[in-house]
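Those sequence lines, one after another, are chains D and P. For the first sequence, this note's numbering assigns the number 17 to the initial residue and increments by one for each residue that follows. For the second sequence, this note's numbering assigns the number 214 to the initial residue and increments by one for each residue that follows.
Mixed in with the good hints, there may be bad ones.
Said to hold, decoys possible - Residues of chain P clear of chain D, computed beta-carbon distances all greater than 10 Å:
{"id": "1", "residue": "Asp224"}
{"id": "2", "residue": "Asp241"}
{"id": "3", "residue": "Arg244"}
{"id": "4", "residue": "Cys284"}
{"id": "5", "residue": "Ala306"}
{"id": "6", "residue": "Thr312"}
{"id": "7", "residue": "Leu356"}
{"id": "8", "residue": "Thr395"}
{"id": "9", "residue": "Glu431"}
{"id": "10", "residue": "Glu442"}
{"id": "11", "residue": "Phe450"}
{"id": "12", "residue": "Ser458"}
{"id": "13", "residue": "Ile463"}
As the list claims (entries may be wrong) - With beta-carbon atoms standing in for the labels, derived distance ranges:
{"id": "14", "chain 1": "D", "residue 1": "Phe271", "chain 2": "P", "residue 2": "Asp293", "range": "43 to 51 Å"}
{"id": "15", "chain 1": "P", "residue 1": "Pro464", "chain 2": "D", "residue 2": "Ile19", "range": "43 to 51 Å"}
{"id": "16", "chain 1": "D", "residue 1": "Phe59", "chain 2": "P", "residue 2": "Asp329", "range": "13 to 21 Å"}
{"id": "17", "chain 1": "P", "residue 1": "Thr325", "chain 2": "D", "residue 2": "Gly35", "range": "33 to 41 Å"}
{"id": "18", "chain 1": "P", "residue 1": "Leu352", "chain 2": "D", "residue 2": "Glu87", "range": "48 to 56 Å"}
{"id": "19", "chain 1": "D", "residue 1": "Phe23", "chain 2": "P", "residue 2": "Lys236", "range": "32 to 40 Å"}
Read the hints as simulated data drawn from the structure, not as lab findings. Since the structure is predicted, the reported quantities are computational estimates derived from the model, not experimental observations. Beta carbons are placed, not taken as given, at the ideal position from N, Cα and C, and that holds for glycine.
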Amino acid sequence: MRILERFGEGTIAFLEYLGGIFSLVGESIRSIVHAQIRYAETFIQSYELGLGSLLIVLLTSLFTGMVISLESAQQAVQFGMGSLVGGAVTYTSVRELGPMLTAVVVAGRVGSAIAAEIGSMVVTEQIDALRSMGLSPVRFLVVPRLLALAIMLPLLTIFADIISIVGGMWIAQAYAHINPATFISSARQAVGFDDVVKGLVKALVFACIIAFVGCYQGLSTRGGAAGVGRATTSAVVISIILIFGTNFIMSYLLFGTH
Amino acid sequence: MDASIYARLDDVTHSFGDHVILKNCSLDIVRGAITCIVGLSGAGKSTILRLLDGLIEPSSGHVYVDGHDLCHTPERKLVDLRQKTSLAFQFAALLDSLTIGENVGLPLREHTALPDEKIRHIVDDALESVGLRHIYDSLPNELSGGMLKRAGFARAIVTRPELVLYDEPTTGLDPIVTNLITDTILRLRQKLDGTAVVISHDLHSIFRMADYVAMLFEGAIIAYGPREEIRTSTNPFVQQFLTGSEVGPIPV
Ligand SMILES: Nc1ncnc2c1ncn2[C@@H]1O[C@H](COP(=O)(O)OP(=O)(O)OP(=O)(O)O)[C@@H](O)[C@H]1O
Ligand SMILES: [Mg+2]
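Chain P extracted, bound-state conformation:
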């Protein structure tokens, strides 16, 4: 695999029961770049992230991350591989038996030998970067959906992974926090040369941060390119999606 490609979906087909979600879908994730995936609700965007994280195995095809084929790999090995990748879940998925601080610090406590004060410091920084303060000792069920989402985001970036998969990191957040999160994603990319895949419906933040944009429609990537290319694309699907028009090839 070309060294400039960090991860790749190779001819992936995935179905849940009889319901085919992805059909011969291929996508390259460029190393050190931010790739945004857009698409209709229910198109299979979250499914792509779960495939890239090795949480599910495709019905057919291959998923490569940093040179490793995630398919037919035993869970025990995947558990190790996943330490280089992290997924910020669409609905946060914090452990509800732990406080927010413990949740965010969990990957550090489990995978590093850092002393507690140091972890506390890193966790506070991570929470700060998503605009959350004074909630270290709160339990997840005491927070709003948006706060949980941001805590989930903090947990995903706290170990500085090589690949971060963000599942709708800004959906449902106010415009100021949305900007804060977009800035954080950009800053992480610049500082750490990390690779990111972002699912988003927020066109403004997509065009602020994306290096590449991919559009998923009916189980396959129908448009892919650098963000300017996509912004000015004449592809009628892309045009309709970007303008949000009800008339066009995408059925409403």
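Chain D with its partners taken away, still in its complex shape:
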């Protein structure tokens, strides 16, 4: 009985959460469709989150490209297939690791900051003040952050793809003496333009996840400073889980039919 009750409560909480997120999505779309966009704020947010995340995104992708190259070069050279290393690095970077790693980094850096900022605005009644002035918090806060992420995450992903390929190329040459020309021609064979686009579609979806989860956790903050802490943590945890989950689904849908 107890277990059933718990299960019921859990289901209700989950459905409530979904409902909350969807109504946030609906209201954001309505705002955007009606062109109720605060462009200056969107620009500032894009600039800050883009520039703020660039270095860490570049570093994580650089090392990832390097490690893939290291691992695959070791195997490939052993079997006399060194010319495949470029393909392996590029393929995994563009289709999977570039979008994923960038999204995870940005979820940790930006998603948490969004939840913390909005959460503390809830706690100090600033959100109520906005509502009281006849301003929608969604238009005022959520939409600029959503658009900023939707613009910057694909851009950051492009940087991540490039730097991880460059890192991989460097390691391939330094470690397995695969020359850059071979590396690049192998990369070109393995990955087409459509793969890049699909990777960017993933980035766009991840951007929406990070923005909506961060904003939703922030807006539903309850109970003072401790509540802000909880909102921040759950924003990161929930968006990372959703990123991994949707990544699998999208890989299946976008690439699975090959």
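Could you slot chain P with the ligands onto chain D? The hints should help.
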């Protein structure tokens, strides 16, 4: 609803969890008048203002403002309705990412097409009316609590709304600024025929500005009337509250 009534709480019950704050509470806010609400700390006065602003929905009962029932109204519609009402928050609630000037001018910038210089001028006037000058470019975290409170007050009156809800506008301020703010509330009422609800613990300023006084106790309005009627009331609760005595029906 009678045209002389601007807003009304109709048999409102409100609870946070198991904690019942308002119990079958009814209150009429007379159009063009200043209604002061008094009551013990934690009695639910701020809750009444939040209900009148449509920020929260009562557990049961109805809230009417200018003929509109705020209950069961979608947030999108409320956002529009709230432009006619403004709330000066108890703890100011300024946006901490904006300067004081931007905060005070925000409702004008968002809801009117006024040019920037004009807004600047109105904002300066509003700040002046609460005794604040030269803080246009300061950030909220650089100001004292009393200064923030006054800036919040300026933001609430800057659009000249039909109904202004003041949550303890003078609490914690020095006597001179208290008078200034009381004067401002009176002046706005005279000039604009606006309706105001003021929560205050300051009996002196209450009896200077109130047209009507309502006393909230244990979740309901236990005394309501024109200020002279309340001042001379023989209701033991009112008497005890006005004299601040520890002996009487209100438990200490
Ligand atoms: N968001 C909330 N969640 C739970 N309880 C709340 C919440 N807001 C207010 N309360 C409770 O409601 C009661 C009334 O609060 P309210 O702020 O309306 O009091 P008040 O009359 O304005 O008091 P004060 O004069 O101290 O400002 C308090 O007991 C408070 O604990
Ligand atoms: Mg209060």
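Cβ distance range 33 to 41 Å for Thr325/P and Gly35/D, holds or violated: Given range 33 to 41 Å: holds, Cβ gap about 35 Å.
Taking the closest pair, is the beta carbon of Glu442/P still more than 10 Å from chain D? holds (32 Å)
Taking C-beta pairs only, is Leu356/P more than 10 Å away from all of chain D? holds (14 Å)
Would you assess whether Thr395/P, listed as outside the interface, keeps its beta-carbon beyond 10 Å of every beta-carbon in chain D? holds (22 Å)
Could you check the hint for me, namely that Leu352/P and Glu87/D are 48 to 56 Å apart, CB to CB? holds (51 Å)
May I ask you to check that Glu431/P keeps its beta-carbon over 10 Å from the closest beta-carbon of chain D? About 26 Å separates Glu431/P from the closest Cβ of chain D, which puts it past 10 Å; holds.
Indicate whether the distance between the beta carbons of Phe271/D and Asp293/P respects the range 43 to 51 Å. 47 Å Cβ-Cβ, so the 43 to 51 Å window holds.
Could you let me know if the closest chain D CB is still more than 10 Å away from the CB of Ala306/P? violated (4 Å)
Confirm or reject: Phe450/P is not an interface residue toward chain D, with every Cβ-Cβ distance exceeding 10 Å. holds (30 Å)
Going by Cβ atoms, does Cys284/P stay more than 10 Å from chain D at every point? It holds; Cys284/P is separated from chain D by about 16 Å at its closest Cβ, greater than 10 Å.
Is the Cβ of Arg244/P more than 10 Å away from each Cβ in chain D? For Arg244/P, whose nearest Cβ neighbour in chain D is about 21 Å away, the distance exceeds 10 Å, so it holds.
Outside-interface status for Ile463/P - nearest CB in chain D farther than 10 Å: Nearest chain D Cβ is 29 Å from Ile463/P, so the label holds.
This entry does not satisfy hint 5, going by the numbered hints stated previously; all others are met.
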